[in-house]
Amino acid sequence: MAPKTTAEVGGMGHSIKRKEDPRFIRGQGHYVDDVVLPNMLYLDIVRSPFAHAKIKAIRTENALKVPGVLAVITGETLKQYNLHWMPTLMSDTQMVLPVEKVMYQSQEVAGVIATSRYAAADGVEAVEVDYEPLPVVVDPFKALEPGAPVLRTDKKDKKDNRIFHWEVGDRAATDKAFAEADVKVQQDIYIPRIHVASIETCGCVADFDRVRGKLTVYMTTQAPHAIRTVVALVAGHVGLSEEKIRIISPDIGGGFGGKVPVYPGYVIAIAASVVTGHPVKWIEDRMENLQADSFARDYHMKAEVAAKKDGTMTAIRIKTVADHGYTDAAANPSKFPAGMFSICTGSYGFKNAFAEVDGVYTNKPPGGIAYRCSFRVTEAVHAVERMADVLAQELKMDPAELRLKNFIPPEQFPYHSALGWEYDSGNYAGALKKAMEIIGYDALRKEQAEKRKRGELMGIGISSFTEIVGAGPSKHFDILGIKMFDSCEIRVHPTGKAIARFGTKSQGQGHETTYAQIVAEELGIPAAHVEVEEGDTDTAPYGLGTYASRSTPVAGAAGAMAARKIRDKAKKIAAYLLEVSEDDLVWEPGKFSVKGAPQKSKTIQEIAFAAYTNHPQGMEAGLEAVSYYDPPNLTFPFGSYICVVDIDRGTGMVKIRRFVAVDDCGNIINPMIVDGQIHGGLTMGMAPALLEEISYDENGNIQGGSFMDYLLPTAVETPKWETAKTVTPSPHHPLGAKGVGESATVGAPPAVANAVVDALAHLGVRHIDIPITPEKVWKILKEKGVAE
Amino acid sequence: MATHTITVTVNGAPRTAEVESRLLLVHFIRETLGMTGTHIGCDTSHCGACTVLLDGEPVKSCTMLAVQADGRQVMTVEGLEKDAKLDPIQEGFMQEHGLQCGFCTPGMMLTSYALLRRNKQPTEDEIRHAISGNLCRCTGYVNIVKAVQYAAAKQQ
Amino acid sequence: MIPATFDYHAPGSLADAITLLDKLGDEAKVLSGGMSLLPMLKIRLAQVAHLVDIGRIPGLDYIKEEGGTLKIGAATKESALERSDLIRSKYPILLDTALVIADPIVRNRATAGGNLAHGDPANDHPATMLALGASIVARGPKGERTIPVDQFFKGLFTTALAANEILTEIRIPTPPARSGGAYVKLERKVGDFATAGAAAQVTLAANGTIEKAGIGLTNAGPTPIKAVEAEKFLAGKKPDDATLQEAGRLAAKATNPSADRRGSVEYKREMARVHTVRALKAAIRRAGGQ
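Protein chains in written order, with our numbering: chain A, 30 to 817; chain B, 11 to 166; chain C, 6 to 295.
Mixed in with the good hints, there may be bad ones.
[Stated by the list, open to error] Pairs of lysine-lysine, DSSO-like flavour, derived with a Cα cap of 27 Å:
hint, chain 1, residue 1, chain 2, residue 2
1, C, K76, A, K808
2, B, K156, A, K46
3, B, K95, A, K754
4, A, K46, B, K95
5, A, K808, C, K258
6, A, K805, C, K286
7, C, K286, A, K808
8, C, K95, B, K130
9, B, K156, A, K463
10, C, K286, A, K813
11, A, K46, B, K164
12, A, K684, C, K286
13, C, K194, A, K805
14, C, K286, A, K482
15, B, K164, A, K48
16, B, K92, A, K749
17, A, K749, C, K194
18, C, K194, B, K156
19, A, K684, B, K164
20, B, K164, A, K33
21, A, K480, C, K258
22, A, K749, B, K164
23, C, K95, A, K811
24, A, K48, B, K95
25, C, K258, A, K805
26, B, K164, A, K83
27, C, K194, A, K684
28, A, K749, B, K95
29, C, K258, A, K813
30, A, K48, B, K92
[What the hints assert, rightly or not] Residues of chain B placed beyond 10 Å of chain C at every Cβ, according to the derived structure:
hint, residue
31, T15
32, E28
33, K130
34, E134
35, Q166
Since the hints were derived computationally from the structure, they do not count as laboratory data. Idealized CB from N, CA, C, for every residue including glycine.
Could you build all of it, start to finish, from the sequences and the hints given here?
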C-alpha cells in the first residue's frame with residue numbers, strides 16, 4: 030500500500046529514521062542508573078540462600094558498623110507501617126520483606142542503605158541471618174498432592190497449594206468430539222521457566238521531598254500510571270496521596286514484560302527515601318534480576334487433538350498445570366488468570382475446544398509474566414502448533430498440507446472461535462503459501478528425502494500462529510479494576526507543531542517515531558515536528574502501559590482518534606477562514622480545500638495559527654484533544670514461519686540453516702521498525718527453543734541464575750532472519766493496524782521445535798520439549814542408534 | 011582502605027582522581043567522571059554493555075579495575091563524535107536501524123568501531139564473530155550487521 | 006556486584022612482584038588479565054587482601070621461536086595469539102584454541118598464562134598444551150624452574166605454582182615436519198565453557214603412520230586430562246577410521262567429568278570421545294595425512 034503522505038510528512042508506511050536514535054548513538058540516553066540526585070543514598074538487598082526457611086533472627090549490628098552504612102530495613106521495620114506485604118497484580122499477596130519466613134531462594138530479606146553502592150554491598154555482606162530450613166516444594170505436581178506441605182501459611186484458610194482452577198470451553202461437547210473422532214493424538218508439552226533478561230536490569234531512584242510531601246520515583250516500569258495508582262493504594266495509609274506521587278519512566282533498556290510488576294526492591298527504596306528524606310537508588314545486578322524477578326512460562330500442558338481421517342481437526346483439549354512460584358505475580362488482565370491461553374485453537378477452525386489451567390504455589394520466585402508476548406499466547410501457540418505436527422505425523426500427512434486443510438478461511442472473518450474470541454481478520458493460507466514459496470518448500474522436502482538416504486539429518490518446521498493482542502475492551506479487560514484503555518493527548522501549537530503524550534511507555538519499540546507518524550498521517554503535520562512524550566505521570570494522560578503488543582492497537586488508536594478530534598475542530602476553523610460551510614471542505618493530508626476550488630485551501634499550520642489568533646467567535650481557542658480509547662475488540666496478528674535445521678549426529682547440536690518469517694500485522698506504520706521488531710522477536714523466540722531455561726534442583730536452588738548459564742544468543746548463534754509480509758488490515762482499528770512487537774516471539778519456538786522433530790521424525794520421534802539442547806537430541810540419536 | 015591516584019586519558023582528555031583499589035573501571039567512568047553512556051548489563055563479562063576501548067581495543071569495563079587503566083587511553087561512546095560530526099558507525103546504526111532500546115548500543119558501536127580499524131571490509135561472518143561478545147536483546151543482530159557494513163562502505 | 010576491599014599492587018619488575026608475593030604469602034593473588042579472577046571477586050566467591058597485578062611488568066608479552074621452541078610470554082593476550090602470523094601459519098592448534106576462548110572482547114584482556122595458572126579444567130589452553138607437550142616456566146624467590154605441563158595441574162583450581170611463584174612463559178617444542186594439531190570444542194554458545202573439548206597434536210612418519218600423538222581434554226574431570234592411553238595406542242598405527250575411533254574410546258575412558266547444566270556424565274564422556282576423533286582427524290589432515 031502506497032503511503033498517503035509525502036516523505037517529508039512521514040505518515041504511515043514511511044521507513045523514517047528513528048527520532049530517539051540521535052541521543053542513543055551519542056550515549057545520551059537517560060536510563061534509571063543515569064539518574065543522580067544530590068545526597069542520594071544506595072540500597073542493596075540481603076537475599077535468602079534457602080528456598081524455604083523460617084527466619085529466626087536478623088542481626089544488623091556488624092552491618093551498621095560498616096563505614097557508610099546508615100540503616101538496615103527489615104520486615105519488622107516495614108511491619109510498623111503495615112508495608113511488609115503488598116498486593117500482586119493478580120490480587121494475590123507478596124512479601125516486600127519477610128517477617129516470618131522466606132519462600133524462595135534469593136528472596137529479599139533485608140535492605141541496606143548506605144552512602145555508596147560499594148558501602149551498601151559491604152553492608153549486605155555483614156548482615157547475619159539465622160534460618161531454619163523448611164521442607165521445599167519444587168515440583169508443582171507434588172505441590173498438588175494431598176499431604177503436600179501447605180506453603181502459604183500466611184493465608185488463614187488456605188489448605189492446599191492450588192491458586193486457581195480456571196476453565197474455558199464446552200467440556201461435554203469436546204469430550205463427545207473426541208469420542209467420535211477417527212484419530213486422536215496426545216502429547217505432554219512442557220515450556221520451562223525463562224526470563225526476559227533485558228540487558229538493562231530493573232531499578233529505581235525514589236526521591237521523597239519531605240517539605241513538599243511529594244514522592245518522585247524514577248523507575249524501570251512499562252506501566253508508570255498503574256504503578257502510581259498501586260503505590261497510592263498500598264501506601265495511602267502512610268500519607269502518600271496519588272497527586273503527590275510522580276512516577277517517571279526514563280529511557281528503558283528493554284522491558285519484554287519483566288518491567289511490568291512491582292518488585293520489592295522498588296518498595297524498599299521508596300520506604301527508605303520516606304524514612305531518610307534522601308533520594309535512594311536501587312539497581313539490581315544481573316544475578317538478582319535472573320534469580321528474583323518475575324519469570325515467564327512454566328506451563329506443564331497435556332494437549333490432545335481429535336481429527337477425521339482426512340486430517341480435518343475437530344477438537345482440541347488442553348489440561349495445564351501452571352507453576353507460579355510462591356505467589357501469583359502474573360501480570361494478566363484480572364479476569365484472565367491464565368491470560369489469553371484460550372487462543373489455543375490457533376489458526377484452525379476447531380468446532381470444539383476445552384482448556385483448563387490449575388495455578389500452583391511452589392518454593393520458587395513469583396511470576397507468570399509474559400516474555401515478550403500477550404499473556405500466555407506463546408504457551409497456547411506452542412501447544413497447538415506442536416499438536417498440528419504431531420497429528421500430521423500420525424496421519425503421515427505433510428504438515429503444510431494439514432495446516433492448509435484446517436485454516437479458518439478468509440471469508441469466515443470475523444470468526445468466532447470455539448473458545449469465545451472474535452478473530453478480527455486473517456488470511457492464514459496466504460501467509461503460509463508465501464513462506465513456502467520464499468523458502469522453496471518442495472525443493473527442501475526433496476533434499477530432505479535424499480539426505481535421509483545418506484543418514485544426514487535435516488528438518489523443516491512450520492508454525493502458522495495467530496496472536497491475540499491489544500488488551501483490551503473495557504467490558505472484559507481490567508487490571509485491579511482499572512480498565513485497559515489507553516490514551517493520547519495532542520496539543521497543536523500556534524506554528525503548527527505538536528506535542529503528543531501517551532499513556533504507554535516505549536522500551537525500545539520506537540514510539541517517539543511511530544506515534545509521531547500516526548499524528549502525521551492524520552493531521553499532515555510532519556512527523557519531525559511531532560514531539561512524543563511518555564512515561565511521566567505528572568504530564569502524560571492515564572494509560573495502562575506498554576506490554577502485550579498493546580501500544581499500537583490501543584494507544585496508537587487513541588493517537589489517531591485524538592488527531593481526528595483535532596481535525597474536526599480544524600475543519601470548523603478552516604470553514605470560518607475560507608468562509609464556506611464545513612460540508613464544502615475536503616481533507617487531504619495537511620490541508621482542507623474547498624470542493625471544486627482546490628486553490629482555496631488552508632493548511633493545518635494556517636489553521637493552527639488561527640486557532641490561537643483568529644478563531645471563530647463562540648469557539649474555544651487552542652487546538653488540543655484527548656482520547657481515551659476503549660478498543661471494540663482485540664487484534665489478531667498472524668503469520669507463518671518456516672525453519673530449516675541441520676543436526677550434528679555427533680553432538681546433537683542443532684543449527685538453524687534458514688528461517689523465513691511471513692508476518693501479517695495489518696497496516697504498517699513504519700516498515701523499518703516493524704522488521705526490526707520481527708528480527709528481535711524471532712531471536713527471543715529461537716532462544717527459548719534452543720538455549721534459555723531456568724530450573725531448580727530438589728532443594729529449590731536455582732540453576733541458570735547468571736549469564737554464565739542463562740544463555741542469551743549472540744550474533745553467531747542467531748541466524749540471518751528472512752522476513753516478508755502480507756497485509757490484512759484490522760477492520761476495527763482506526764488505522765487498520767494490529768501490533769507486531771511480539772508476533773515473532775510467539776511464532777518462532779514451535780517452528781524451531783517442529784523442524785528438529787521433523788529431522789528425527791523418520792526415527793519415530795514425535796516431540797522434544799524446549800529448550801532443545803544438544804544433549805536431548807544426542808540422547809535420541811543414541812537411543813535410535815544413529816549417533817556418530 | 012587503599013586508594014590510588016590515577017590518571018586516565020578519556021576521549022583524549024587526561025582525568026585524574028583518587029580511587030579505591032576495588033573501584034571498577036565502569037564506575038570510574040560512570041560515577042567518578044559522570045559519563046553515563048557506558049552501561050552495566052551483566053556484571054560478569056558476558057554482555058558487553060560496558061565495552062569501552064582501552065588503547066584502541068574493546069574491553070569490558072565492568073571486569074576491570076579503574077587502577078588498571080592508570081596511564082592508559084580510554085575511549086567511550088561519548089568520544090565517537092568528533093567536531094560535531096558523527097562517526098560512520100554512529101550513522102550506520104541510525105540509518106540501518108541497528109538499535110532499539112539503545113542500552114547495548116554504545117558497547118556494540120565501540121566494538122564495531124575497533125573492528126573497522128583492524129578490518130576495513132569485514133565479511134558478514136567476521137562482523138558476527140567480532141560482535142559476539144556484545145549481547146543485544148532487541149534487534150536480532152541483522153540490522154547491527156547492516157550498520158557495520160554501512161560504516162565500512164562509508165569509510166571506503 | 007561489588008568486590009570486597011583489597012589492596013592493589015602494580016610492581017614494575019618481576020623481581021619486585023616475587024618479593025611482594027613472598028612477603029604477602031596466601032593473602033595475595035596474582036592478577037593477570039583478570040577475566041576469571043575479577044568476576045569471582047565481584048560475586049564474592051573469592052576474597053583476597055592483596056592483588057598483585059603483573060600486567061605492568063615489561064617483557065612478559067611475546068610470541069617467538071627460539072632454538073626449536075615456541076615461547077609465549079605469560080602476559081600475552083589471547084587476541085595477540087589470534088593475530089600472530091607465526092601462530093596462524095605454524096601453530097593452527099593454538100589459533101583454534103584462542104578463537105574459542107570466551108568471546109573476542111574478553112580475549113583482549115585474557116592472557117595465555119592466566120588461562121593456565123587459574124587451574125580451571127574448563128579453560129581451553131590446558132588441553133592444547135597437554136597435546137603439544139608444553140612446559141611451564143615459573144619464577145620464584147629461588148629462581149626459575151620449568152614444569153612439564155602434565156605435572157602442572159594438581160587439582161581443581163590448583164597448580165604446581167607456589168604462592169610466591171609467577172608463571173612467566175609457556176614453552177612449546179616446535180613440531181617436526183609432517184606434524185599437525187587441532188582443537189575442537191563443543192560450546193552451547195559463544196562465551197560458554199566447553200561441554201567437552203579435545204586437542205590433538207600428531208606427527209606422521211614418512212610412511213603415513215602415526216609417529217606420535219598428543220591428546221588433551223577440556224572439562225573432562227577435576228583437572229585437564231592428558232589421554233595417555235589413547236596417545237600410546239596411536240603410536241605406530243595407520244590413522245584409519247577404526248584406529249581413530251578406538252583412540253576416541255580410550256580418551257573417553259580417561260575422563261572423569263561431573264554432571265552440570267552442560268550435560269550428564271555420560272554425554273560429556275561421549276562428547277570427549279567424539280571431539281577426540283574430530284580433533285585427531287583435523288590434526289592428521291593438517292599434518293598432511295589422509
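Tested hints:
1. With a CA separation close to 43 Å, the supplied pair K76 of chain C and K808 of chain A exceeds the 27 Å bound.
2. Distance check on the hinted pair: K156 of chain B and K46 of chain A sit about 15 Å apart at the alpha-carbon level, within 27 Å; holds.
3. Our distance criterion of 27 Å between C-alpha atoms is broken by K95 of chain B and K754 of chain A, whose separation comes to about 37 Å.
4. Among the hinted pairs, K46 of chain A with K95 of chain B is consistent with the structure: their alpha-carbon atoms are about 18 Å apart, no more than 27 Å.
5. In summary, the hint linking K808 of chain A to K258 of chain C is supported, as the alpha carbons are separated by about 19 Å, within the 27 Å threshold.
6. With a C-alpha separation of about 26 Å, the suggested pairing of K805 of chain A with K286 of chain C holds against the 27 Å cut-off.
7. For the suggested pair K286 of chain C and K808 of chain A, the alpha carbons sit about 24 Å apart, so the restraint of at most 27 Å is met.
8. Distance hint between K95 of chain C and K130 of chain B is fulfilled; the C-alpha atoms sit about 26 Å from each other, no more than 27 Å.
9. Pair hint K156 of chain B plus K463 of chain A holds up; C-alpha atoms about 25 Å apart against a cutoff of 27 Å.
10. This hinted pair checks out: K286 of chain C and K813 of chain A have alpha carbons roughly 25 Å apart, not beyond 27 Å.
11. Taking the CA atoms of K46 of chain A and K164 of chain B, the gap is about 18 Å. The hint holds against a cut of 27 Å.
12. At roughly 22 Å between alpha-carbon atoms, K684 of chain A and K286 of chain C fall within 27 Å of each other, so this suggested pair holds.
13. Distance restraint check for K194 of chain C and K805 of chain A: the Cα-Cα separation of roughly 16 Å lies within the 27 Å cut-off, and the hinted pair is therefore satisfied.
14. Restraint check: the Cα-Cα separation between K286 of chain C and K482 of chain A comes to about 25 Å, which is no more than 27 Å; the hinted pair holds.
15. Distance restraint check for K164 of chain B and K48 of chain A: the Cα-Cα separation of roughly 22 Å lies within the 27 Å cut-off, and the hinted pair is therefore satisfied.
16. Proximity of K92 of chain B to K749 of chain A is assessed by CA-CA distance (about 33 Å); at most 27 Å being required, the pair is judged violated.
17. Taken as a hint, the K749 of chain A and K194 of chain C pair is honoured in the structure, with Cα atoms around 16 Å apart against an allowance of 27 Å.
18. Between K194 of chain C and K156 of chain B, the direct Cα distance comes to roughly 22 Å. Compliance with the 27 Å bound is thereby established for this hinted pair.
19. For the hint linking K684 of chain A to K164 of chain B, the alpha-carbon distance of about 33 Å lies beyond 27 Å, and the restraint is violated.
20. With a C-alpha separation of about 32 Å, the suggested pairing of K164 of chain B with K33 of chain A is violated against the 27 Å cut-off.
21. At roughly 33 Å between alpha-carbon atoms, K480 of chain A and K258 of chain C are farther apart than 27 Å, so this suggested pair is violated.
22. Under the criterion of a C-alpha separation no larger than 27 Å, the hint pairing K749 of chain A with K164 of chain B is consistent with the structure, at around 23 Å.
23. At roughly 38 Å between alpha-carbon atoms, K95 of chain C and K811 of chain A are farther apart than 27 Å, so this suggested pair is violated.
24. A C-alpha spacing of about 18 Å is found between K48 of chain A and K95 of chain B, which places the hinted pair at or below 27 Å, so the restraint holds.
25. Of the pairs offered as hints, the one joining K258 of chain C and K805 of chain A holds, with about 22 Å between alpha carbons and a cut-off of 27 Å not exceeded.
26. Note on K164 of chain B and K83 of chain A: the hinted pairing is violated, with a Cα-Cα distance of about 63 Å set against a maximum of 27 Å.
27. For the hint pairing K194 of chain C with K684 of chain A, the CA-to-CA distance comes to about 11 Å; that is within 27 Å, so the pair holds.
28. For the hint linking K749 of chain A to K95 of chain B, the alpha-carbon distance of about 31 Å lies beyond 27 Å, and the restraint is violated.
29. Straight-line distance between C-alpha atoms of K258 of chain C and K813 of chain A comes to about 23 Å, which keeps the hinted pair within the 27 Å bound.
30. Between K48 of chain A and K92 of chain B the alpha-carbon distance is near 21 Å, which keeps this suggested pair within the 27 Å criterion.
31. The beta carbon of T15 of chain B is kept farther than 10 Å from every beta carbon of chain C, the shortest such distance being approximately 12 Å.
32. Non-interface call for E28 of chain B relative to chain C: holds, since the shortest CB-CB distance, roughly 13 Å, exceeds 10 Å.
33. Separation of K130 of chain B from chain C is adequate, the least Cβ-Cβ distance of about 15 Å exceeding the 10 Å criterion.
34. Chain C leaves E134 of chain B outside its interface by the beta-carbon criterion, the shortest separation being 16 Å against a cut-off of 10 Å.
35. With 10 Å as the threshold on Cβ separation, the claim that Q166 of chain B sits away from chain C holds: the shortest Cβ distance comes to roughly 23 Å.
The structure shown violates the earlier hints numbered 1, 3, 16, 19, 20, 21, 23, 26 and 28.
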